[in-house]
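K.L.:
Taken in sequence, the protein lines are chains A and B.
Going by the numbering used here, the final residue of the first sequence carries number 535, and the count climbs one at a time with no gaps.
Going by the numbering used here, the final residue of the second sequence carries number 535, and the count climbs one at a time with no gaps.
Where hints are given, some of them may not hold.
Remember, identical chains collapse to one label, so a pair may be satisfied in a single copy or spanning two.
[Said to hold, decoys possible] Below, computed lysine-lysine pairings styled on BS3-like, alpha-carbon distance capped at 30 Å: (1) 405 / 315; (2) 405 / 437; (3) 249 / 437; (4) 250 / 437; (5) 249 / 315.
Hint data in this document are derived by calculation from the structure and do not stem from the laboratory.
This one's a predicted model, so the numbers in the text were calculated from it and none came from an experiment.
There are 2 protein chains.
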Amino acid sequence: MIIDCHGHYTTAPAALEQWRNRQIAGLADPASAPAVAELRISDDELRASIADNQLKKMQERGIDLTIFSPRASFMAHHIGDFQTSSTWAAICNELIYRVTRLFPDHFAGAAMLPQSPGVDPKTCLPELERCVRDYGMVAVNLNPDPSGGHWTSPPLTDRHWYPIYEVLVEHRVPAMIHASTSCNPCFHTLGAHYLNADTTAFMQCLTADLFKDFPTLQFIIPHGGGAVPFHWGRFRGLAQQLGKPLLSEHLMHNIVFDTCVYHQPGIDLLARVIPADNIVFASEMIGAVRGIDPETGHHFDDTKRYIDDSPQLTPADRAKVFEANVRRVYPRLDEALTARGR
Amino acid sequence: MIIDCHGHYTTAPAALEQWRNRQIAGLADPASAPAVAELRISDDELRASIADNQLKKMQERGIDLTIFSPRASFMAHHIGDFQTSSTWAAICNELIYRVTRLFPDHFAGAAMLPQSPGVDPKTCLPELERCVRDYGMVAVNLNPDPSGGHWTSPPLTDRHWYPIYEVLVEHRVPAMIHASTSCNPCFHTLGAHYLNADTTAFMQCLTADLFKDFPTLQFIIPHGGGAVPFHWGRFRGLAQQLGKPLLSEHLMHNIVFDTCVYHQPGIDLLARVIPADNIVFASEMIGAVRGIDPETGHHFDDTKRYIDDSPQLTPADRAKVFEANVRRVYPRLDEALTARGR
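Next comes chain A alone, as it looks inside the complex (with noise of 0.2 Å):
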């Protein structure tokens, strides 16, 4: 079984956006503020909204199954207050659940939490317990910077995020630390946000001992690390100099690097050096980079091809990468899978 651990609803229907920009818009005019009634998307337009893209590339591709959650570029937690964010929160996780129900067999549901810069975490809690009790979701995407690229937060090491660690163990589920929009003209979102968060994500567990207090927390640091296992010698030697245990004992135990990485020499560089029990296999499709790469005719995206063509990956480590390793940290889907006989 081919399981894709990283894929966003970014092609929900245009009345999506259309209400979140009419929410927007109510931040500074409140009486044309839109209720959360008047957002209707049918059952046919969220099928075909799913069927001509996501899962026709997943079939074209070979991807059995994907973790869907909402588009993280919309999740936005800097637009507004706690309630903005509750209420847009509540209303795409909704859309989630309702194509995980119309397509069970290909589609698992990953939560947006509603953070918000300066908010407390435990806010999040609520909607938190709600996806995964009422609507069986299997992960959340957890925001290391609220603030859209002005890291206003504590490191995610901090005690200010336990509250969402107890509750995330205490139902076995794993978070991919995933930012969301730069408002910060410095950062491009694709392009240096996403991977700075990714590094930095990383490098905060480094330097702190997170995982002693929480052994069984599970973070997936999303496009294959950021900058990590490029800099793989520099971590290491940075572990050693701050006097931390080997990387393999200090954070491999609970974190995994998916295999976001568009073009087969970072995938064979992921391969080369974090161990093959630490890599999920995701391609983000529809996301990010979306076109046709020149150099290979293939789309950018498409990183089966690029695992499949590892000389790095043994079959074996495939298994894993493709399979193995996302039942082992997302343990509710691999229960809902057994369920059903796969």
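With chain A's structure known, arrange chain B on it following the hints.
P.N.:
Leaving out everything else, chain B in the frame of chain A:
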């Protein structure tokens, strides 16, 4: 000839740091602020600080010459105001000048600039001119984020920075884009902020057309380009998506990456995806990562070994990386060497 284009004076006599600490204390209590003349470091002290450290390692490793600049993390442009940075930069640059006079065969100078958050970069020009004209320096370090991790300056492609570029181009002086200490607790200086700055700078250049305005401007992006080579497909794809030319045309006449990547697989990846013309040898030795890699028995920052051992590089490529590219990107160094028959 083997030229290391990225060395910092990390081993300066302790009197320098003591003076700086008094300068910082003087920001709160002007009565305690030290005069510049109170800093006294003899030539013998300078000689010892180099001969037992950088020069010794250069000789052990077979490096002929290092382009040497003030300690990056000590630039700390976020501290105090322009006057603070101006005094501090003048002191640090003068020390570099003295080192290059004491060891003219082994060190060429690169300047730090007296940047200060929110201050017009024009204010850096007198120090820049002085370092080039009076000190014979061949490069500058340009901090893309003088705020130290808050990223409050405009992108490097903004006209804000143009006065600096005009002088760099006039004097044929390249800029290494190098951040300094992070005072944002989210970002570890060595493990996150530096690498993020590298990635960010490249992406800023990608989204704009800076090099149309300055076709001869040269940027060195250190630390192997941050996350960029590992995600080269992503950057090629983003350029295509944004309607930019191929990166080879759009950026690679004006940007080189250095080899401060502290393990063999990273250097192999760099050499596999980045043209040999765009890689310059560097180690940043006695810098971020000073230990010995238990996997190899050699110093993490002994990057010459990785280049010597990389199957991706031909002997002709290595000659470019070790010497020819540096002489091309740093024309004033090339002229000074040529004048001395090297």
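K.L.:
Could you run down the list of hints and mark each one as holding or not?
P.N.:
Results of checking the hints against the structure:
1. 405 / 315: Within one copy, since 21 Å is at most 30 Å while 49 Å is not.
2. 405 / 437: within (12 Å within a copy, 47 Å between copies)
3. 249 / 437: Classified as between; 29 Å across copies, 46 Å inside a copy.
4. 250 / 437: Between copies only: 26 Å across, 43 Å inside.
5. 249 / 315: This pair counts as neither: shortest intra-copy Cα distance 38 Å, inter-copy 55 Å.
Violation of the numbered hints given earlier is confined to hint 5; every other hint is satisfied by the structure.
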